[in-house]
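Colleague: Sequence:
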Amino acid sequence: MSSIEILKNWLNPVEVKNSKILNIKQRMSLREPQKQALDIIADLADDLELKKSVDLASELAKVKAKYQSCSDFERDFVSLCFSIATGVGKTRLMGAIITYLYQHKNIRNFFVLAPNLTIYNKLIEDFGNPANPKYVFRGIADFASNKPVIITGDNYNNNKSGLDLNPNEIRINVFNISKFNRDANPPTSGKDKGTTPKIRRLSEYLGQSYWSYLTSLNDLVILMDEAHRYHAGSSKTAINELKPVLGIELTATPIDEKGKQFKNVVYEYSLARALDDGK
3 MSSIEILKNW
13 LNPVEVKNSK
23 ILNIKQRMSL
33 REPQKQALDI
43 IADLADDLEL
53 KKSVDLASEL
63 AKVKAKYQSC
73 SDFERDFVSL
83 CFSIATGVGK
93 TRLMGAIITY
103 LYQHKNIRNF
113 FVLAPNLTIY
123 NKLIEDFGNP
133 ANPKYVFRGI
143 ADFASNKPVI
153 ITGDNYNNNK
163 SGLDLNPNEI
173 RINVFNISKF
183 NRDANPPTSG
193 KDKGTTPKIR
203 RLSEYLGQSY
213 WSYLTSLNDL
223 VILMDEAHRY
233 HAGSSKTAIN
243 ELKPVLGIEL
253 TATPIDEKGK
263 QFKNVVYEYS
273 LARALDDGK
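Going by the numbering used here, the sequence shown opens with residue 3, and the numbers climb by one from there.
Simulated from the structure, these hints should not be mistaken for lab results. Glycine residues also receive a C-beta, built at the ideal position from the N, C-alpha and C atoms. You may find that some hints are simply not true.
[To be verified] Within a straight-line C-alpha distance of at most 20 Å, the following computed SDA-like cross-link-like pairs (lysine to any residue) qualify: (1) 54 with 37; (2) 37 with 141; (3) 27 with 269; (4) 66 with 44; (5) 27 with 132; (6) 200 with 180; (7) 107 with 200; (8) 238 with 205; (9) 27 with 79; (10) 181 with 240.
[Stated by the list, open to error] Distance windows between CB atoms, simulated: (11) 74 with 184: 26 to 32 Å; (12) 67 with 24: 23 to 29 Å; (13) 144 with 51: 23 to 29 Å; (14) 24 with 118: 18 to 24 Å; (15) 279 with 208: 44 to 50 Å; (16) 188 with 17: 47 to 53 Å; (17) 66 with 108: 25 to 31 Å; (18) 204 with 53: 34 to 40 Å; (19) 169 with 243: 22 to 28 Å; (20) 257 with 108: 32 to 38 Å.
Input sequences plus hints: build the corresponding full structure.
Modeller: And the structure:
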């Protein structure tokens with residue numbers, strides 16, 4: 003192959019994309035189901051607008067043309083569900099998705115919802131502590147020199163949390179769903195009834211509320227761990243209000259509180275299949 007042919011391949015967008023995907027798979031030591039899920043994200047990310055206020059019917063048609071199991075996003079934004087058995091590695095998959103969307107789509111703002119306090123604390127460590135043996139971004143050169151800023155449900159209103167917002171930073175918000183619900187939704191009883199929820203209050207560091215800041219972002223992607231917990235009630239309402247450009251739902255049980263199957267599943271890797279594969 004001539005040097006000109008090599009240069010053409012190097013400049014070919016498809017070759018660049020495939021190279022980035024392969025690098026992520028290798029560097030993050032992804033398992034086969036994680037690789038398959040990442041391939042779907044890469045495939046659809048090129049088709050979707052990844053913007054606010056898109057035509058959801060048009061976006062759904064794009065997804066359904068390739069993944070017929072998806073018949074409805076079930077939210078006010080494009081949201082894709084990956085039904086993956088427990089133990090396969092949803093946290094590492096989230097890290098791979100964040101890495102790909104940052105590298106290939108220049109998305110810098112992410113919002114990760116945790117189902118409980120234990121997983122919340124684990125996600126903060128796995129995403130934010132390079133000394134942690136399970137640090138998900140180990141080996142990713144982009145993040146060695148530009149370490150993601152982790153903003154949590156405990157420090158989002160604190161000037162030490164990185165909210166001076168360097169435009170070159172990648173920011174990963176990690177919130178526990180119970181605190182998210184409490185801080186985002188108006189109290190309906192008790193002494194605080196009728197008061198403004200904490201996250202919606204004016205921040206002296208931002209000049210606006212953190213909620214207003216989040217909803218104003220043009221590249222916010224939300225990742226929902228154990229997404230079956232956020233498919234109804236105040237959680238679903240508050241998530242819709244964030245107006246992300248994309249939602250990624252991860253769960254081993256894609257069934258809502260009424261016992262109905264999710265309609266936005268684009269990939270399934272069941273426990274039975276995991277056992278057969280020895281995962």
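Colleague: Does each hint fit the structure? Answer for all of them.
Modeller: Verification of the supplied hints:
1. 54 with 37: violated (28 Å)
2. 37 with 141: holds (17 Å)
3. 27 with 269: holds (18 Å)
4. 66 with 44: holds (16 Å)
5. 27 with 132: holds (19 Å)
6. 200 with 180: holds (13 Å)
7. 107 with 200: violated (32 Å)
8. 238 with 205: Cα-Cα ~25 Å, so violated.
9. 27 with 79: Cα-Cα ~28 Å, so violated.
10. 181 with 240: holds (12 Å)
11. 74 with 184: 26 to 32 Å: Given a distance of about 29 Å, which is inside 26 to 32 Å, the answer is holds.
12. 67 with 24: 23 to 29 Å: holds (26 Å)
13. 144 with 51: 23 to 29 Å: Check passed, 24 Å falls within 23 to 29 Å.
14. 24 with 118: 18 to 24 Å: violated (35 Å)
15. 279 with 208: 44 to 50 Å: holds (47 Å)
16. 188 with 17: 47 to 53 Å: holds (51 Å)
17. 66 with 108: 25 to 31 Å: holds (27 Å)
18. 204 with 53: 34 to 40 Å: With a Cβ separation near 28 Å, residue 204 and residue 53 fall outside 34 to 40 Å, so the hint is violated.
19. 169 with 243: 22 to 28 Å: The hint (22 to 28 Å, Cβ to Cβ) holds, given that residue 169 and residue 243 are roughly 25 Å apart.
20. 257 with 108: 32 to 38 Å: The hint (32 to 38 Å, Cβ to Cβ) holds, given that residue 257 and residue 108 are roughly 35 Å apart.
Checked against the numbered hints listed earlier, the structure breaks hints 1, 7, 8, 9, 14, 18; every other hint is satisfied.
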